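Peer 1: Spelled out from the first residue to the last, the chains are:
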Amino acid sequence: MRRRGRIAFALAFIAPAVLLYAGLVLWPLLRAFALSLYHTRGLSTKKEFVGLQNYTDLAKDEIFRTAVTNNLKLLVVVVVAVTVLGLLLAHVTEGKGPVAKVLRSVYLFPHVISIVVVGILWQFLLHPSIGIVTATFDRLGWKDQPTWLGDPSTSLLSVAVAFVWYGIGFYIMLFSAALKGVPGDVFEAAELDGTRGLHRFWTITWPLIWSIRRVVVVHAAIATLNTFALVRLMTNGGPFRASEVTLTYLYEQGFQPNSFYGYATAIAVLNFLLVMGVSSVILAAFRRDPQAVRR
Amino acid sequence: MKALRFGWRGVTVLFVLAFLLGVTGPLAWVLASSLKSATQIATDPWALPTTLQWDNYANAWNGASTNLGRAFFNSLFVALATMVVLIPISAMAAYVLAKYAFPGSKAIYASFLAGMMFPQFLVIVPLYLTMVDLSLADTLPGLILVYIAFSLPFTVFVLTGFFHNLPDELGEAAMLDGCGHAKTFWRVMLPLARPGLVVVTIFNLIGLWNEYNLALVLVNSEERFTLPLALAKLSNTAQYTSDWGAMFAAIVITMGPVLLVYWLLKEKIQEAMLAGAVKG
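Each protein sequence line maps, in turn, to chains A and B. For the first sequence, the working numbering gives the first residue as 1, with consecutive numbering after it. For the second sequence, the working numbering gives the first residue as 1001, with consecutive numbering after it.
Think of the hints as simulated: they come from the structure by calculation, not from any bench. The structure presented is a predicted model; accordingly, all values stated were derived computationally and were not measured. Think of the CB as a built atom: it goes at the ideal place given N, C-alpha and C, for glycine as much as any other residue. Take these hints with a grain of salt, some might be off.
[To be verified] Chain A stretches covered by chain B per the calculated footprint, using a threshold of three residues with CB under 8 Å from any CB of chain B:
| hint | stretch |
| --- | --- |
| 1 | 88 to 95 |
| 2 | 238 to 245 |
| 3 | 253 to 261 |
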C-alpha cells in the first residue's frame, strides 16, 4: 500500500552517498579513460586528441619498462616472502605459550602505523651514518656493506624488505584466521593416524587453506603493483631508476614541474590493466578447490 | 625422532624471537632516538639516551622547518569531519541496500563493490582536475569530500552486511507502531547496528590518519598539510639540517595515537580488516 512512499524513501536515503560517489569517484574514473587519449601540458594550455599515441609512446618508453619490470620483481619477492613467513608465523601464533601471546599482540604493529612512517623509518634504519641496521652490520664486522638505498644493486631489495616488514602482519592475520577455520577433529584424526609435523602440514593444512592462500597471493600482488609511498619516501625511484615503479613514474609525469596529465593517466590505465591481468592469471591458477578433485 | 623434534622446536623459537625483535626493535630504536641529542644519534645508534631530550618533541611540534602541531590538528579535523558525514550517509545507503529492493539497487551495490577493487591512482589525475574545476584543490573541505567519497565503498559494504543480518520483523513491528520509514531507521535499526558502526569508524579513522597518496596530490600549501605530509617534509629537511632528534620525535607523534588505538581495540580492528580482505 505504501509502495510509492517506500521507493521515495529509499531513493532519498541513498542519494547523498550515491551522488558523492558518482561525482568524485565514478566521474573521474570515466574521465581517466578519455584523458589518456590526449596530449596535455599543464592546466592552462589546450589539450589535443591523439588517440592511442600515449600508449604507443609508453611501449617505447625505457623508464616505463624499467618501472614495470621492477614492479614484477617486487611482486615475486614479496609474494614468496609473505606466503612462507606468514604461514610459518601464523602457526606459531596458534600456540598457548608466552611467546605466542606476545607475538599475537605485536605482529600487526607495522601494518597499522602508516606506510609513510614505514618508509621513513626504513630510510633511517638503513641510513649509512645514523642507521641502526648499518651500525649493527658494521659491529658484526661487515666492513664493505653497500649503502643500501644509494646503491642501484640493493635499492629495490631494500624496498622489498621494508614492504614485507610492513605487510607481513596482515598476512599472518589472514593465515591464522584460515588455520582457526580448520576443524579440530581433522587434526585429531591425523594425529591418530600418526601424521604430524611437516607431513601433516603438506597433506592436511596446505590443501585445506587453499581459499585463503588465493586471497593472500592476489592481495599481495595487487599491493605490490600499487606501491607508491614506500618507494617515493625511501629512494624516490633511484638511484638511476633502479627502484622506479609505475606509480612513482606516474607521479613524476603528472605532478612534478611539467604536468603531462594525458601521459600520466595512460600510465595509470596500463598499471590498472597490469593489475587486472596479473590477478586474473593468479585467480585462474588457484581456481580449483583441491578438495573437489579428490571427491 | 625426539631429538629431531626438539631441534625443530629450538629453530622455531629462535626464528620467532628474531621476528619479534625485527618488529619491536625498530620501534624501540625510534623511541630511544627521539630522546637523544643529534650528536648522540650520529655517534652511536646503539647507545641509550643519557639525558632525556624532551626538547626534540617541542622542536618537532612547533619547529622552524615544519609545524607538526598544526598538521596534527589538520589531520584530526579532516578525519573527524569526514566521519561526521561519512557514517550517517553510509549507514543510510547501506540500510536501503540491505532492506529495500528497487530497480537499480543491485547495480548501485555492485558499483560500490567495484570501488573497492580499482586502485586510487587510476583516478588520481582526473580527480585532481575535477577538484581544480570545482575550486576545491588545495583546500581542506575538498580533501574531506574526497575522503568521504573514497571511504564509501568499504563502509557501505561492511554496514550492508550488518543491516542484512537484522531481522525484518523488527522494522515491520516499528512500522505497525506508527513509525515511518525514516523514523524506523533512526530509532530502531541504527542503534542495533552499533557494533558495525564502531568497527567502520575505528577502521576508517586509522586509515584516514595514515592517508598519504590523495593528500599529497590534493594539498600543496604547508599550512594545510596533514600529518603524513608534514612528517615526510620533516624527514626530508632533517637530511640537510641533521636535526635527527626532532625527526624521530615526529615519527613517534605520528604513530603513537594509532598504536594506542590499535592496542585498545585489537579484536575489532582485526575483524574489520578480515571483512575487507575476504570480500571477493
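Peer 1: Examine the stretch 238 to 245 of chain A: at least three residues should have C-beta closer than 8 Å to a C-beta of chain B.
Peer 2: That given contact is violated, which follows from only 0 residues of the stretch 238 to 245 of chain A lying within Cβ reach (below 8 Å) of chain B.
Peer 1: Quick check: do three or more residues in the stretch 88 to 95 of chain A have a beta carbon closer than 8 Å to a beta carbon of chain B?
Peer 2: holds (count 3)
Peer 1: For the stretch 253 to 261 of chain A, does the count of residues with a C-beta closer than 8 Å to a C-beta of chain B reach 3?
Peer 2: holds (count 3)
Hint violations for this structure: number 2 only, all remaining hints satisfied.
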